[in-house]
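If you're matching positions, the sequence shown starts at 1 in my numbering and goes up one per residue.
Heads up, simulated EDC-like pairs for lysine to aspartate or glutamate below, C-alpha to C-alpha not over 16 Å straight-line:
1. 32 <-> 52
2. 49 <-> 36
3. 49 <-> 38
4. 32 <-> 53
Think of the hints as simulated: they come from the structure by calculation, not from any bench.
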Amino acid sequence: MLNPNFSPFPVLTTERLILRRFINADAANLFKLRGDADVMQYIGRPLAKTVDDAV
1 MLNPNFSPFP VLTTERLILR RFINADAANL FKLRGDADVM QYIGRPLAKT
51 VDDAV
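With the hints as constraints, model all of the structure from the sequences given.
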C-alpha cells in the first residue's frame, strides 16, 4: 500500500513545468479555470461562481 508523505509538500520540477502546493496568490487563476465551462466539462464539480468557490 502507498503511503505518500506530503509534509512538506513536494515541489516537482521539469524543464517546462513546476508542480507545487497552491498558495493564496493562485486563487484568481484557479477561479479562471474552475469558472470555465470548457475546462470543467468532464470534472464532476459545479462551476465556480466566485474566487472563494474555486478555492
